[in-house]
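Asker: Sequence:
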Amino acid sequence: MSAWEIEPLALPPASPMERRPVREAALLAFYGAAIARWRHLVVGAALLGAGLGWLVPAMQAPRWEALALLEIALPNERFLELDAVDPSADQAASFRTRLQTQVRLLESRSLAELAAERLRGEDTEAAWDEVARTLDVRAGDDSRILELRAEAPEPDQARRFLETLIAASLDSARERREAEAVATEQWFQGRQTELEKRLRESELALQEAARLATLIPASVDRREAAEADLRRIEEHLSESRAEALALRARNEASAWSDAPGDPLGAYRRELETLLRRRAELAAIYTAEHHLLQQVEAEIGVVKTSLEEAENRLQAELGQALRETERRVGLLEEERTRRLEMLSEAAAAAVRYDILQRQVSANRDLYQSFLDHGRKAGVAVRTPVPSLRVVDPPAAGEEPLGPNPPLGALAGLLAGLGLSIAGAVLAERLDQTFRRPGDLGSALSIRELGAIPDARCEPSTERWTAAIGAAAPADPRPELAASRQGSSLLAESIRAVRTSLLMEGRPSSSRGLVWAVTSPSQSDGKTTIAANLALSMAELERKVLLVDADLRRPRLHRIFEAANRSGFSDLLTPQEPSDEQIDQAIAPMPGASHLHLLPSGVAPFGGPGLLHSGAADRLLERLRSRFDVIIVDTPPALAVSDARVLARCADGVVLVVRAGSTGGELAAEADSLLRADGAHMLGAVLNSWNPRDAGRRRYKAYFQGPQAA
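In terms of my numbering, the sequence shown has 120 at position 51, counting the first letter as 1, and numbering is strictly consecutive.
In case anyone wonders, no lab produced these hints; they're calculated from the structure. One thing to keep in mind: the hints can contain errors.
Pairs of lysine to aspartate or glutamate residues, derived as EDC-like cross-links and limited to a Cα-Cα distance of at most 16 Å, are as follows [said to hold, decoys possible]: (1) K372 x E341; (2) K611 x D696; (3) K611 x D651; (4) K266 x D433; (5) K444 x E249; (6) K372 x E339; (7) K444 x E254.
All chains should be modelled from the sequences, with the hints used to inform the complete structure.
Answerer: See below:
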């Protein structure tokens, strides 16, 4: 913490319930300030609205209103159970839905045009279309009563229009009912013809099925006989298939069977005996021995006999197998034919049953449709009134309007509401600062004070007269702090001085350096710097005012001093001598403790020396000579000079012009300077209008002391 900072008092945060009255009070204050600022617009809009509200009704012709009460007639849909056959009956609709439907029908454009057309045939001069547009139909929440209202220049016109409208509504409902009856009868006739045709077609199909069916439900014996024949054929087929399998097995087994009684078995056994004997003889005798040759001959005879027996047996078995398989094939064909016959007979029977049931269903449907058709004819032909007249149309005894006093009151309220809303909206959209306290609420910076606008009137005398203060000898606002006596402008400067002095106390004998800057040009930073220097000089402090705005210097013209040598001339790479500094600093004749260091006449390269550290070194040397050094810097967002000088100073004062400097510019300048490491002492609201904050409260105070 620097020597010029005071540690803030740690207070517990306010609860939401404690902050709520504060927010409400601030909101009310904002609305009040907006209305006060735009009071001329609010008053003018209110008077204009009241005048128009009186004038417009006064220029209008009198209007008469006619009233009629109708009851919605709900039909008894349970009568003769007609709700089930009436095509126009809506069982799902609630009473509220039907009520709103009837209201919409009465308000329909087609019904109003029909009533107006009938009336135009009787009276061609009246503007019935205008009367039709005033029609208003209202329905009660818990009743079936409808209110019909209409306005017209003459009471008889409004009454006649409602009478014609009710008659047209009843006629329209009756015509709609008759059209529905005709359409219903035509629809029933078409459906009846279609059902008759369908019944005839089903009966013809049943007759054809009965004629073509091979089995009908009455020939049960024939069907049972056919099923018995099929079972016998299946039994023969099974026996033949078993016989064929046995023959096939015997044929396959005859090649190796040696069972007793088998002719082939004897030959095989004899052949085996001869083969064993030949083997025995071959072990004893040679091949040319007569015993071996005799055995070989016997073996050949037995083989020949065996082959002949096998051939005969194969031929016999093959013949028997072929006959059996042929019998099996014939039985299968017969079985298939019998199955197809039975299937066709069953399908024919099923089709007959289906056609018979279809004929019965069509006959029942046709009969039921005829019954419902007769009931529907009764339903649609039964007259059902949709509306009943409770109170016939009648016009009031007094005209409905116009009412100029009521119109004036409505116009007054409308003008007030719109103008206040516009004023609040304009205040919301206005991002500039306009009154004391705006800086502290919008920026995270302390508001050091507010300087009133000295140019709110064409002359200073008129301005001071507006607030009740005496006119100063020197009207220039740059020298307001040098004026003797009380004035609002001078006291505002002294309030800023007090805020700066209360910021802290020096910890050493070094002088203070305050940099005065603004977000943009024309914010009044030079005026604030000059007046602040004059105000500090009143305290007999040795004050140096430095004009560091090297591009637009003004302080030498304000104090009427020479600008031959100054701040820019001392910003040299070599340290300036004390003699050079003394020559550049000029004392002010009107203020003994105030000295001025003008900008000087250095070439264009002079501003670049600010970044070399020459300014910091120069200010350090000047601290030992003066108690307070006030540096008028360029705008912070325009050039970088102010940012460099702000780092060299003990604190920065940000000047914001009321009604001109936007909140975004001020916040950007404050954020930029803080990011550079500058210590922000606070901000000064310059050129605010005292009339926006209640100027009358200053008048008595600045009139001076009064006798007790």
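Asker: CA of K444 to CA of E254, is that 16 Å or under?
Answerer: holds, 11 Å
Asker: Assess, step by step, whether the Cα of K611 is no farther than 16 Å from the Cα of D651, and give holds or violated.
Answerer: holds, 15 Å
Asker: What's the verdict on K611 and D696, does the C-alpha distance respect the 16 Å limit or exceed it?
Answerer: Satisfied, since the Cα-Cα distance of roughly 5 Å is no more than 16 Å.
Asker: Hinted pair, alpha-carbon criterion (16 Å max): K266, D433. Please report holds or violated.
Answerer: holds, 14 Å
Asker: Mind checking the alpha carbons of K372 and E339 for me, to see if they're no more than 16 Å apart?
Answerer: holds, 10 Å
Asker: Between K372 and E341, does the CA-CA distance stay at or below 16 Å?
Answerer: Satisfied, since the Cα-Cα distance of roughly 11 Å is no more than 16 Å.
Asker: What's the verdict on K444 and E249, does the C-alpha distance respect the 16 Å limit or exceed it?
Answerer: Roughly 15 Å separates the two Cα atoms, so the pair holds.
The structure shown violates none of the earlier numbered hints.
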